[in-house]
Structures are given as C-alpha cells and as structure tokens.
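Protein chains in written order, with our numbering: chain A, 239 to 459; chain B, 239 to 459.
Keep in mind that the hints are not guaranteed to be accurate.
The list treats identical chains as one, so a pair stands whether inside a single copy or across any two.
Stated by the list, open to error - Here are the computed lysine-lysine pairs in the DSBU-like style, where the Cα-Cα straight-line distance is at most 30 Å: (1) K371 to K269; (2) K371 to K348; (3) K269 to K313; (4) K313 to K343.
In case anyone wonders, no lab produced these hints; they're calculated from the structure.
Just so we're clear, the structure is a prediction, and the values are computed from it rather than from any experiment.
Protein chains: 2
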Amino acid sequence: MSPQALVFDAYGTLYDVHSVIQRCDQLWPGKGTALSQLWRTKQLEYTWQRTLMRRYASFSQITREALEYCCEALKLPLDAAKAEALWQQYLRLSPYPDVPGALHKLAGRKMAILTNGSPDMIDPLVRHCGMEKTFDAVLSADALRTFKIAPQVYQFAVDQLGVAPSGIGFVSSNCWDALGAKNFGFKVWWINRQDAPVDRLDARPDGILAGLGELPARLAS
Amino acid sequence: MSPQALVFDAYGTLYDVHSVIQRCDQLWPGKGTALSQLWRTKQLEYTWQRTLMRRYASFSQITREALEYCCEALKLPLDAAKAEALWQQYLRLSPYPDVPGALHKLAGRKMAILTNGSPDMIDPLVRHCGMEKTFDAVLSADALRTFKIAPQVYQFAVDQLGVAPSGIGFVSSNCWDALGAKNFGFKVWWINRQDAPVDRLDARPDGILAGLGELPARLAS
Chain A
239 MSPQALVFDA
249 YGTLYDVHSV
259 IQRCDQLWPG
269 KGTALSQLWR
279 TKQLEYTWQR
289 TLMRRYASFS
299 QITREALEYC
309 CEALKLPLDA
319 AKAEALWQQY
329 LRLSPYPDVP
339 GALHKLAGRK
349 MAILTNGSPD
359 MIDPLVRHCG
369 MEKTFDAVLS
379 ADALRTFKIA
389 PQVYQFAVDQ
399 LGVAPSGIGF
409 VSSNCWDALG
419 AKNFGFKVWW
429 INRQDAPVDR
439 LDARPDGILA
449 GLGELPARLA
459 S
Chain B
239 MSPQALVFDA
249 YGTLYDVHSV
259 IQRCDQLWPG
269 KGTALSQLWR
279 TKQLEYTWQR
289 TLMRRYASFS
299 QITREALEYC
309 CEALKLPLDA
319 AKAEALWQQY
329 LRLSPYPDVP
339 GALHKLAGRK
349 MAILTNGSPD
359 MIDPLVRHCG
369 MEKTFDAVLS
379 ADALRTFKIA
389 PQVYQFAVDQ
399 LGVAPSGIGF
409 VSSNCWDALG
419 AKNFGFKVWW
429 INRQDAPVDR
439 LDARPDGILA
449 GLGELPARLA
459 S
C-alpha cells in the first residue's frame, strides 16, 4: 500500500554532504576528501554526544565546530575567511544526481523533509536547489532542540503532517536514521548508495534501494 | 587540591581495545588494524544511537553486534567460532604499558572504574589483569541501562562512592567522556595518547596528559 506521505532525510539523502570536497581541495590541495569525511563523522558524533550530555546546540553551530575540530586534527590552517567560505558551500550542497528526477516523478504526493539541520541552514539549501515548492513542509528537529534518532523527532513529523506513523514512508541514506524511523513505526526505505551492511540496531528497513531514482518505480509496483 | 577519589574509564583508557589486532590478524591476515578500528567506531556509535532511539542493549551485546557489522562491511567471513575467539580476546585486553605502574603509585587512594562495559565483560577483564584489589568499586553504566556521557552515569559514581562531584578526579582517554564528566562537575584529566585536538563540546579538561604514567606526578604537584 502506497504511503499517504513521503518524508525525506536531507543531508546525505537528498543533498550530498561531500559536494564540499572541491571547495576544500581549492583551500587545501589534496586534502578535500579526508577533510570532508572527517567533518561529516564529527558532525554526527557531536549530535549524539551533545544529546547524551544534555548540551543542545543547533546543527549549524555543531557543523561549524566540527569543521574547526577537523582542521585542527588534520593540521589545516583555518581562518575566519576560510571557515565562512566552507560554510557558504554547505548552504549550496548539490543534490545527488538522481534526486531532482525522482522528486519530479513523485510530485503530487504529500512530501516533507525531516532533518537535523536547523532552519538557518536547511532553508537556504532548499531554496538554492529550487525545491521550495517540492515539499509541503521542511521540518527541523531544531524545533524540539534534539536530534534524530530520538523518537520525538519522528513524532514531530506525524503531528505536523497530520498523518499516522503507518501512513508515512520515510526515506534516508543514513542507516541509523532509517532504523530509528522504522523503530518508531514508519515504513522505511534505506538508500544504500555505498552497498553497506544494515546496522545492528534491532530493526530492518522495509526496502533497500541503491539510489533515490529507484523509489518512484518501487512505489508504483 | 588532590581529589578524594579517582575514577577511571576502562576501555581505551586503562585497557587497549586495539590489543585485539594480533588475534584479528591471525584470523584474517593483514586486516587486523582496519577491523579493530572500525569495530571500536561502530561499538561507540551503537551506544549513542541506541540511547537516542531508546533501545538499550548491554555493551557486551553491542560489542558482539558491532563485530558482526564490521566483518560484513570488510567482507571478512565470521562464523561462531571466530566470533567467540574474538570475544574471548575482548575479555583479555592488555592494559596500556604505563597503566600498572601508574596504578601502583596511586595505591592507597579511593579508586574506581566507571565504564560502559557490562559486568559480564568488565569483571572478567579486571580479573584477567589482576586488578580486583586495585579498585574499591567497578561501576557499570549497565546498572542504569544507559551509557556515558549521560549525566546520570557520573551521578552513579557520586552515589556509589559517597564523594561529591568536586571531590572526584576523573580520568579518560576518550575526549567526549572526559568532557561529559567535566560538564557534570568532576575534575578531569584527559589522557591524550594520540595528540588529538580537544572536542568541541562546551567544556575543556582540567589537565591533558600524554599517558596515565604522568598522573601520579601531576597529583603530587
């Protein structure tokens, strides 16, 4: 049965967080890939660690602080101008190549973004990608001052969209996010672009896709 | 002022989680380091993610499940015998070389371990290392069915030892753990064996040491 609403994770699912690599490489030749990977790792760790220690900070603050940490770890000199240049890049991430076409095919359904990203970063990014009209809502966990995969973040989508958990199809390429949503009660597709194993977190996704481009056909079948 | 009690993290601080590398290399030649590093990374991620999603599992279960994931990710065939061999190795981790000498010099103080490790794994490890009499208490976050760096884990040490937070000196080589403890109110030494930057988590350790061997002199000064 086709879900009443589709809810998408943003960073890593619709938008490629590693599309900052080229800009990183311009600033520090040859270091772009290592910096981008560590930046993403630390960004996520800080969301989990701050939640546990009860010291919430917005995803934008965490993202900037993670960049500081990573540049220090990799011994890449970071000044205010470089930090701002990379931050501006983060507001202009590229969608994955198959995303615009897939979203176009899914148009007409109720669709939303549910992201850790605070409004000061997700709203400019959605606008930059020309997707303001694609989604009925852009929902940020920042409204609750917590992060996925806390169950209340998924409940927030239920409340805001007015659709029961069983009527929501959730799409994420972050396996832990997909399993958090499954554990909450959504129907879940995990976009497994890297051919990774399923995380061991007491749940399995309902479907595993190699890219978002497969979703329209999967929903139609 | 010298603290009334010293509380030590276990895994990565007293005991070298990467002392499994040799055994891993015996099972899968050349893959020991990669497996051990990913195993530790996933083990920690699962503690944070399970806490957020409110699906507690013991550190021993998480450690075994993380191993399964990592072997699948690295395409290393894991059967029950290999899993058991590595699990047994985890119960016999080596202390870091400077740990026994440092603990010997610190003897006479009130000392405890505060660990994520469930009793079924930390107790055999402490016995294997002949440290049963070194510590006044071996405290596991498992008693609370949560993980560091949730503040209630540090409170558990306060309650069990009968020492106020300001009287506890906490020692960890996991920076996030050190900062969680600092945020809670302990005096904190971070053992920074890798010369890493301080994590950006709204706190700074009181002292940064290159190894546990430096602690006795630091406390005496």
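Here's how the hints hold up against the structure:
| no. | hint | verdict |
| --- | --- | --- |
| 1 | K371 to K269 | neither (36 Å within a copy, 49 Å between copies) |
| 2 | K371 to K348 | within (11 Å within a copy, 63 Å between copies) |
| 3 | K269 to K313 | both (10 Å within a copy, 28 Å between copies) |
| 4 | K313 to K343 | neither (45 Å within a copy, 36 Å between copies) |
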